[in-house]
Each structure stands twice: as C-alpha cells, then as structure tokens.
Amino acid sequence: LLNESLSSASESFASTTIVGVRETGAACAVNSSAETELNGKVPEPVVSILMKMEQMNTSNELDSRSIASIRTGSSSSGGALTDSFSPRHFCFIVSFFLSNKSRENSVPVDDDEDLDLWTIWGNLIKNWEVEIRKRPNYIKELVRRGIPQHFRTIAWQLLSDANVSTVHDIYADCMRRSSPYEKVILRDIPRTYPELEFFKDNGRGQQALFNVIKAYSIHDSEVGYCQGSAFIVGQLLLQMPEEEAFAVFIRLMEAYRLRELFKPAMTELGLCMFQLECLVQEQMPDLCAHFNNMGFDTSMYASSWFLALFTTTLPLELANRIMDIFLAEGMEFIFRVAMAILQQARLDLLKLDMEGMLKYFQREVRERYENDHELLFVVANKVTLNVKKMKKLVLLSFHSFS
Numbered sequence: 046l047l048n049e050s051l052s053s054a055s056e057s058f059a060s061t062t063i064v065g066v067r068e069t070g071a072a073c074a075v076n077s078s079a080e081t082e083l084n085g086k087v088p089e090p091v092v093s094i095l096m097k098m099e100q101m102n103t104s105n106e107l108d109s110r111s112i113a114s115i116r117t118g119s120s121s122s123g124g125a126l127t128d129s130f131s132p133r134h135f136c137f138i139v140s141f142f143l144s145n146k147s148r149e150n151s152v153p154v155d156d157d158e159d160l161d162l163w164t165i166w167g168n169l170i171k172n173w174e175v176e177i178r179k180r181p182n183y184i185k186e187l188v189r190r191g192i193p194q195h196f197r198t199i200a201w202q203l204l205s206d207a208n209v210s211t212v213h214d215i216y217a218d219c220m221r222r223s224s225p226y227e228k229v230i231l232r233d234i235p236r237t238y239p240e241l242e243f244f245k246d247n248g249r250g251q252q253a254l255f256n257v258i259k260a261y262s263i264h265d266s267e268v269g270y271c272q273g274s275a276f277i278v279g280q281l282l283l284q285m286p287e288e289e290a291f292a293v294f295i296r297l298m299e300a301y302r303l304r305e306l307f308k309p310a311m312t313e314l315g316l317c318m319f320q321l322e323c324l325v326q327e328q329m330p331d332l333c334a335h336f337n338n339m340g341f342d343t344s345m346y347a348s349s350w351f352l353a354l355f356t357t358t359l360p361l362e363l364a365n366r367i368m369d370i371f372l373a374e375g376m377e378f379i380f381r382v383a384m385a386i387l388q389q390a391r392l393d394l395l396k397l398d399m400e401g402m403l404k405y406f407q408r409e410v411r412e413r414y415e416n417d418h419e420l421l422f423v424v425a426n427k428v429t430l431n432v433k434k435m436k437k438l439v440l441l442s443f444h445s446f447s
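Numbering (the numbering used here), first residue to last: 46 to 447.
Since the hints were made in silico from the structure, they are not lab data.
Remember, predicted model here, so these are calculated numbers, not experimental data.
Mixed in with the good hints, there may be bad ones.
[To be verified] The calculated DMTMM-like cross-link candidates involving lysine to aspartate or glutamate, where the alpha carbons are at most 25 Å apart (straight line), are: (1) K437 / E322; (2) K434 / D265; (3) K404 / D342; (4) K171 / D161; (5) K434 / E374; (6) K434 / E377; (7) K396 / E305; (8) K245 / E377; (9) K396 / E415; (10) K437 / D265; (11) K308 / E242; (12) K185 / D331; (13) K434 / E313.
[Unchecked claim] What follows is a list of derived Cβ distance ranges for each label pair: (14) N431 / T312: 20 to 26 Å; (15) M339 / E415: 22 to 28 Å; (16) V175 / R391: 43 to 49 Å; (17) G375 / R411: 21 to 27 Å.
Cβ coordinates follow ideal geometry from the N, Cα and C atoms, glycine included.
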C-alpha cells in the first residue's frame, strides 16, 4: 500500500476530469477511462460520496433544500433567509485533482513527506473497507498526523460511518415540515462563524446551516435544538454539502455521546465537567485549588469545549484537526485536549482572578495556538488518562445525583 510510486498515484488521480455536474442531470460527466478506473478501484460507498460532492450549479427553484425553497409549510421564520441565490458546493474533487497535478509538476524536493501523505491517503480511501477492518490502529496514527484538507470531506464521512443513502428520505421529509425551533435557529444563525464569508448575512452558508439544524430538530424531537450544535453543523458544512453534513451530524449525535450532551437536562455535560474537574484535581492540584478559591466552576470555561468541540475556542483549522482525531478516537480525545490547554495555561491562570481567567479563556487560549497548532497536539498526546478510573467516576457521579 505504502510503496506505490508517487507518479503512478498522481496519474491515477489526475486522469479523472470532472466536466460538469447538475443535480437535475444523471451523474458526473467523466471520461470513460477514468470512470472505469474509479468504479474498478474505489469501494462503492466512496464512489457515491465522490459523485455526490460534485453535484452543484443546481436550479434552486427545483431544490427543496435551496435558499429560495423554505416551503410555505415551514415558513414561520417569516422568510428571513429566503433570498434567492445559487449555492455551489465546493468543488472538492476538481480542486484535489488540479492541486495534485500541480504538485506533481512543480513541488520542491523537501515537500516529499507531504506528497507521500497525499499518496497514502489516496490509497487508503480506495481501500477503506479493507483497511478499517484490518488496520484500525494504522488509520488512527494517520489521522493523528492530520488529514489532508482535500480528503477531509470523504474522510469525515468514512470515519464516522455516515451513510447518506440512509438519510436521504429523512432529510427530504424534514425539509417539507416545520420545526418549533425555527425562530430560535434563525436568531442564532448570524452568531455562527460571523467572521467567515460563507456564513455572512444572506450568504450561501446561512441557508444550508438553517436547513441542517432544522432537519435535525425534527428528526430528534427529544433533543430538538441546542445553540452549540450550530457551530458543529457549520464546521461540517464548510467541508461538505447539506445532506452529507446531516448524515455525519446524526452519527456524531448518536455514536459519539453528543446527543446525551445536548439533551435538555444536560446530565451528560455535567458528568463531563465532573470528570474533567477530577482530572485537574489529580494532575494539577494547585490549579484546582486556585479555581476553587476563586469560585471558578469548571463549566464556566469548559462547557463550550464539549458542546462545540473547541470550534468557538480555537482557530477553525485547529478545530478541524481536533475533529479529525475525535472521529477516530471519540470523546477521550476531547478530554486530552482540555487537559493539554490547562497544562500549558496553568502558570498564567494561577496569577489571575476570576475576571482575568474568563478573559484568558476567551482570548489568550486562541492566540496561544494561532500560529502553532502542533504545540497543542504534542501535549495532548502525552496526557495520561485512566479510562477505568473515568468510568468509575461515571458511577460515582450518578450515585451522587441519585
């Protein structure tokens, strides 16, 4: 797998030419040799993902998910987001092919490691079903090194085991219905990544964000809508189209403990705060004592870490790296990142009062890692977590609540 020549891999990827796609059309238009290669070497689920990602330039008047098509039956929002536009899902595969071909022709010698990573991930995607079954630890190590941006769209879907075909009808049905949370969702949308052009007022991302959040609030009436989820959905939409984002979000909620975090009682969030506090007390007793003396509760700084998976705390590209590993390793990695941040901030925090600590977590943490992402991962991967002890804390917590 790892010994395929780079030139062979580059030719394989670059040989596919995306000519044009419209959702009203039959499929992606590709040259025949590339189509044979794609269908011959790539697992069917991956082919489906590749094809779906290239559906764009849709006639939105015919698309129930478009910005002009919040149906009358679900228009309690008053049409605030119904200005017509033509959203184009990012041309991920085209840009991948072009970037890869450009790299092949002009990349300097010292970029060999980066090129090798592209080659490895290309082959991994092609052989995903075999590799995830036979070498899951190998995949985890690759993910820790970082998923190349152009592979993230596919990799997040594969790592989360999201299946778009199983949610297609669910999503379409949700788009035809109204949600009791629509007004609240509309209120929160302008607050979600307002600094990004994609999510500016009347931007192409706002409608997609509304659609996916609304769909989930209908799909899971027990959870409904919670504000922190908007940042996670937005993060997904920056990587993939709506339906794929909906499928991955369902997996995050159901298979990664997030659904329990977002339930109205938020019992699971309280448990995570208790576990984190115990970890701080065990590994940084002086910091724990300082927090207690200042009346600085764990939830005051860490709630958003778990509810938004650091998307509101750290630079987005760094949050994407965290999502990479979270999808491969689960909630344990969120605790590792939390402890890494606290370990590196410990000496600063010990000098601050409550107001100073609040400002520190709001500003300084982001600035610390703005230009050095690896610093966080080096420390996080060294954090010691006693999984058995954390499970005992779960039992202790439930006993305390009862």
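Numbered hints the structure breaks, given as an ascending list: Result: hints 2, 7, 8, 10, 11 and 12 break, sorted rising.
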